[in-house]
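Top line first, the protein sequences correspond to chains A and B.
Just so we're aligned: the first sequence equals residues 1 to 344 in this note's numbering.
Just so we're aligned: the second sequence equals residues 1 to 535 in this note's numbering.
What the hints contain is simulated information worked out from the structure, not anything from laboratory work.
Incorrect hints may have been included.
Computed cross-link-like contacts, DSBU-like style, restricted to lysine-lysine with a CA-CA straight-line distance of at most 35 Å [as the list claims (entries may be wrong)]:
| no. | chain 1 | residue 1 | chain 2 | residue 2 |
| --- | --- | --- | --- | --- |
| 1 | A | Lys53 | B | Lys105 |
| 2 | A | Lys53 | B | Lys400 |
| 3 | A | Lys61 | B | Lys216 |
| 4 | A | Lys53 | B | Lys150 |
| 5 | A | Lys61 | B | Lys400 |
| 6 | A | Lys53 | B | Lys428 |
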Amino acid sequence: MSSQLATTAKRAGRRFLSSLPALFGVLVFTFLLMRVLPGDPAVFFASGPTAGKEEIELIRKSMGLDKPVPEQLVRYLGDVGTGNLGRSLTTGQPVLSDLRNRLPASLELTFSALLIALFTAIPLGVAAALRQGSAVDHLVRFICALGVCVPTFVSGLLLIYAFYYLLGWAPDPTGRVDIFTSPPPLVTGFLLIDFAVAGDWEGWRAAARQLVLPAFTMALFVVAPLARITRAAMLASLGSDFVRTAKSLGLPRRKIIVTYALRNAILPVLTIAGIVFSTMLGANVLVEKVFSWPGVASYALDALLSSDYAPVQGFVLLMASIFVIVNLTVDVLYGIADPRVSVE
Amino acid sequence: MTTARTSLLAAALLASTALPALAQTRAETLRHVTGAAINTLDPNIPGSTREAFGLSLLTYDRLLSFGKKQLDGKWVFDLDKFQPELAESYTISPDGLKITFALRKDAKFHDGTPVTAEDVKWSLDRAVTANVLGKGQLLTGSLTSPDQFKVVDAHTFEVTLPKPDKLALANLAVVYPVIFNSKLAKSKATAEDPWALNWLKENTAGSGAYIIESYKPGETTILRRNPDWNRGSADKPAGFKRIITQTIPEAATRANLVEKGDADIVIDLQATDAADLEKKGKLKVVSTPQYNAITFVSFNNQIPPFDKIEVRKAIAAALPYEDMFKAALFGRGAPLYGATWADGKAPTGAIFPIPQPVKTDLEAAKKFLAAAGMPDGFSTTFSFNVGQAGTAEPMAALLKESLGKIGIKVDIQKLPDAQMSTLINEKKVPFFTEGIVAWLPSMDYFYRNFYIGPIRWNYSSLNDPQITEWAQAARFEPDAAKYAAYGKELNTRHFELMPQIPLWQPSQDAVMQPSVEGYVYQFHRQIDFRDLSRK
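Next up, chain B with everything else stripped away, as it sits in the complex (with noise of 0.2 Å):
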């Protein structure tokens, strides 16, 4: 009895010192809410969320990270630009099939060891071997098997390539190939799992700038600074002590928690939310247009009547752009229609998405559909997943409202995500809205991940074998100018074919205080949090 009050008594004494302590830290802790929840520690387990991505970079590192660059005024990853993370630097052979690495002779592992090339051969021969997401997406940069890494000595990395292809590097900053403490994971594999994925991706076996501290899937995460850490910029270790990452489901109570303090970053409001805290200049909104992502009005290619090239055209002359714009997004974005092309060609190739030369515009659009032989229109159905019903709603009904006036009846059909998605990979879905995002969002990625093949990200299901021709010759293209020669003709098929129409380019809304200094936007779409200080 008596020592079971005196341990209650010390449990209640060390309760009540430690919260002195972490008040004094709320300055040096960022509190982070979203909607989202993170449900792994590895990135790399089919499944993972994009809370997860975000999560792995900051306990683990890769060889290179992403450089950043301005856009507009606003600091946004480049992928042109490399920053070194475990490597130090990197030399390419003149033929650019050699790429070595010299890596960092003071990096430690969590845990003390040192970082090894054995290190970095285990991680990437994971990538591309074992049952991972990383398989698929380190093919784009041909990274595909085993016999390309080579560990020259303790810290000399060798990656050799079957052809010089400009995403080898940038597929290496991506959050796949994060590299993982060997000795520790090897020591954690079983026969039926020589990967190590199920330990893996309930611990953390790495390198990077925060430690986990706690981890509540679905509730919180608490990370603790890696004082060790010295991969950043400035050579040393990331801006704040913790991070605190809570999910809020609510965007209501999202918005409320930052504008009354007690929450210091958030990127996951609603529009209005956002436009209306930017509005009242108490907090710093970041508002970045995501450069890789695109939404679209999509339709099947394979499905009547959408077959018809004049039918897709009649519905881009018929979309009420500039109203679905402000309903859906609030202006908050790039939008990618109004354009004007001189010659009816694409002004550039150098990148896509560029905007389009649409505009709402009835009469040109019923004559399209006098041409495609249906004057008097038809009926279809126009899909979208709960989860966009945010966005897709009021644009839906906007749509639905103009091409009654062509004469086209629409149905709105509100799908749960995963029927949704479901739909869409079986190709069941004629006439719809989705988003496109691309790690990499390089002109030819777009082209080669969105437009080819029977996979699901080929919207459309497009399958023009001018466009495949295209966009895998732009991929080994060295010279810049032939790359934009492929993109100008690559842009304008696309315009004239009309296998989907972009609409725009929604913003990320970053909404801080005015003390969080730092914010970039990420290629993943999280935050970086090694980016952050306060000021």
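In isolation and in its complexed conformation, chain A is listed as follows (with noise of 0.2 Å):
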């Protein structure tokens, strides 16, 4: 068992030193990217209502713009090497602590959304498998389909005229907590954990509270992927041999099913639960947007239309770290699945 842990890890260190040259060339793509798109911070955010050639002329100076693109990617690296990502010009902040107050924002409202979104697929997902064709098979990909076809934003709309505006069951869709509630102590920024470390337990609720809905919406979006693949997956386990060889045994069907089939149905969900979160961080944009929710895709997005520079470079170097780290993660919880994976 150790052995295995500690291949594991070898593994996962092997991969994560494999991933850095990846990095560092997003990295430089991006800034690239950046500057070449044709839009001017400096001339967007020089809006004053006499702006003049002087005041673009500062807030490029302050950008540093003014410098060449060799020696500004040259001083891009250093900063981003001493852990400075620059300043956002739409926030007036440090990029750093931008994202820093935004992601636990995101991970929060992702990893809820992927938790509904596993906890309704994965059932779907066997139950159309063991009843291939049926009605319920036919239902599953009716609600599969729905859910993929309604843009989120729709969705959300929706969910938000039905049960804030008519029914009046959620809360006003503006953000984290109802604005009238003290925030928790800050911990570890995930406002659910931080609510129950303080013992404020009315405070969590009103947490909870705001996440359903757009943690719905999103699940909503990908509750598709998932089912189908855990579907096509259990399909393919349930006619394999080990498990003809445990119905010829008279095993427990129960026993059967989840143990023998439906784990090894779950390493490609796995796969594609990973892509599927890191995809969902960036791409909740409209949700966020949508519900107020102040994470770092909305953030990313503001920032993209005015051409703020730093804070989309480390917007997408934030995102990039993350994919690594999710797929190290899947490739962990692979070995714990599937013992055959850590043997190379």
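Need the complex rebuilt from these two chains, each delivered in its own frame; the hints are there to steer you.
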């Protein structure tokens, strides 16, 4: 067991090292891409009613844009090396602190959505696989199709309209906690955890209530790929030799399905879940916008629209790092789900 | 372990007692929702957003602020009337070159330090010397050098002007010359940053009606009332104890919030939502045409074929004004088309803009095109930025259809905001729609800032010696009748040259709970929360 852990750790370490050049490439590429884009942040932000050439030059200088691009790049890399990601013109704050404040919001939302999605998708997928071609299968297919075709901002607005505007069950869709609830002392940045640590269950309920609608909106969108993959993987493993053997041995049905079939089917689901998670984190910008969720994706979009270089570069770097970490985690989980993976 | 548990318990207790206290003050709290964000606490920092301007007028005082007047039954700011803030009174010398301010003796900064003439001098020096936004603005009021500002005694302050300038006082009432606590600011200044720009960007050193309680850029700003502030009209602190400004990016959600009564006031709804809420009649909707703003269809007068007056006139005769006004704004605003000028001359010169004698007349448009030597029309692009898409998109579609009828083929270009501003600044967009806003909407100010020189705001890239000369002359003309005569010439010339086509002045729709009172449309197009109270 311990040797298995050690090989997993070694493999993860090697993977991590081999992803460093990719991270560096992403850094340089985004840097250059932002400068190629046809928008000048200095002109955009010099929008005062009497903004002239002088003001534009001022902003350009304060952003370091008056220097040649190679010099800017070297300075930027040096800054990133020392943990300085620059300053956002949109919020006026250092990018690093903006990302640090906003990342927990995005992660909390994404994790909740992924959990909801997994808890819905896996049973749906299993049910569809067990009764292939039946009404249940078709119903699952229908639900999945519906979830995928309705864009998140439509389903988000619909949910708000129904549960906040018409029924009044949901709190106003304005961020992570009700504005009149005092936030918990900062521990992790995850409100559900911080409220629990502070023992403030009233606050915890308020935060959870705010989370429900956006998390469901996001989950709706990703149930489909997860359920479809579960179904396919289950079909494959249900038709395989070991399940036939188990059946012929007269093992209980529950044990066959959960212990043998599902455990073997879970590998592709994990892979997809990893990918889905990383994509959700970046792609939930519409959900964040609709629910005024102070996350990193809507932050990056605002910055992109105003050609605000530093936040966009910081965001892409963050996303790339998260991708690496998620891939590592999936790798490690593989090893746990299927010990054969760690044998090289 | 035990201590940890006790402190947790204490925290929980604190949290639970804090809740009812907050609930009690809901009526005394104003919750404002907006789509935009505040990015600095000092309005002078290059790159400040409009919302940052709005905030700074709550946390800081100026020497003077604008008075208010009624325009078609709506309260708007009055450029010609001033209300004292930190100045108790002021006198102007008979030659108009010296303005002497008597400062309030009871005014204190948030930290308790009294406000003196030294603070005023430091703040105005900063506005004209440091690398700040104030510089470019204040020079439009002949305020350019620290030598013009003199401390007479602790509560008397003097401003000297090189020429009598009508806009000098008005410039002291805009957002840049706010008065800082100079002792506090100087203590935070460094050798590289003598004007404490970096510190003031993140901190406030003011004497204003509100104190910042919490500031999360891009999320919320919570303000607490300064109980000692008495610079309002009635010698009492501002109406609301707390102001919460929340950034809600989705316009439909903002409309929902205010309709459900969860938000108290919003000024940036979509025109459809505002019209809808007005029809439902549950909320108070104050719709004020922004009389200091104009939306244009603009051409770059240096790029062919728009360098030909006839081409510009042809387009002016082919625009479907009425349809565009209805489709883009749902009729919410003041149209600037469809006037009749009896003798072809502008009926008035005291103000700009005035409704233009343009209307949709395709036959006339075809004649103009033929006169320009292009009877079969031409192809061009029409650009607008994504941020304006809500109004510009339907407008562009109608424009394309109508110009198609006279043979002008239009390709619609929707550009990201930063790209559009860059292209406009580089004078590379031939045909587009944009808006302008003047803080100090006097006739000459419009002409001087939007029709002269190679600056970004001269959308049409007009370079007309006549307009330049008249506008400069009008600036220093003390006689109202002569000023209006210059204005009449300018307005007439503007129509004859047709450098760009003024379309309308969009309304600012302030939607609020019926209990909220005192809303006034302000020059910076933000809410001055000091005016508001709850019935």
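Find the hints from earlier in the document that the structure breaks and name them by number, from lowest to highest.
Checked against the structure, the hints that fail are numbers 1, 5, while the rest are satisfied.
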